[in-house]
Amino acid sequence: MLPLNSNVMNTKPLSDAQLVNNYITGQESALTQLINRHQQRLYGFIFSKVYDRDVTEDIFQDTFIKVIKTLKKGKYNEQGKFLPWVMRIAHNLIIDFFRKNNRMPKFKNKGDFDIFSLISDGSSNAEYKLIDQQISDHLYLLLEELPEDQRTVIKMRMYQDMSFKEISENTGVSINTALGRMRYGLINLRKMIEKHNISLIN
Amino acid sequence: MAKLYTQEPSNSEQLKPREETVSFLLNYSKALKIMPIGTKNFETFIN
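Chains as they are written, first to last, in my numbering: chain S, 1033 to 1234; chain C, 3 to 49.
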């Protein structure tokens, strides 16, 4: 009497672990089942990272070549986690692909939000540089309108980056006087700006 | 005549590898034999 094939009798699909064991013992059809079971998820995972059908095919193929080699060498350590293991291989191959091509995935701009608006080299563009220059020029002209003592303190503080201690030593007044001159100088500047409706905002 | 409002299945179902890729993998698996000799593994392809 022929022995009953448990696979035929049992309608419950085999687990990944059982299929892997069957494959290791030489049953090639187990690999077909494993690929059929996970191909969509793995392919979708790779495609979501690389956005290219041909590259996805290549990485999918390389992933399973690694899987096949590892299983045939008997190096696979079964812990009931076949799919996460395969996904990790695919993930590493995706990283290799990006390293080799030295680029990152493209972002598609959908409507109002643009990721590239957040990425800049930190320097201002030509227009802002021009505006900055104009503001500095206007501020310098306004400074010239201030009384001599206030103007000196503001210039030393803002343009020469001196401390109030240094200012007091250079001008021969106390620190408090220097602070007071700075304060009145700024108040007078604001008054002039308001009076003449000057906009210094960048 | 009544209009049909059913939609085509989304392209997520088409996210599958090509048949050629799968059949290549199956053939590769069948052809690959790995023989451990000493501490090394030797790969041979049987066509």
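It is possible that part of the hints are untrue.
No farther apart than 20 Å at their CA atoms in a straight line, the calculated lysine to aspartate or glutamate pairs in the EDC-like style are these [stated by the list, open to error]:
1) K1227(S) x E1177(S)
2) K18(C) x D1181(S)
3) K1098(S) x E21(C)
4) K1098(S) x E45(C)
What the hints contain is simulated information worked out from the structure, not anything from laboratory work.
The model shown is predicted, which means the values in this text are computed figures rather than measured ones.
Hints and how they fare:
1. K1227(S) x E1177(S): Satisfied, since the Cα-Cα distance of roughly 13 Å is no more than 20 Å.
2. K18(C) x D1181(S): 79 Å, violated
3. K1098(S) x E21(C): Holds, at about 19 Å.
4. K1098(S) x E45(C): Within the cut-off at roughly 13 Å; holds.
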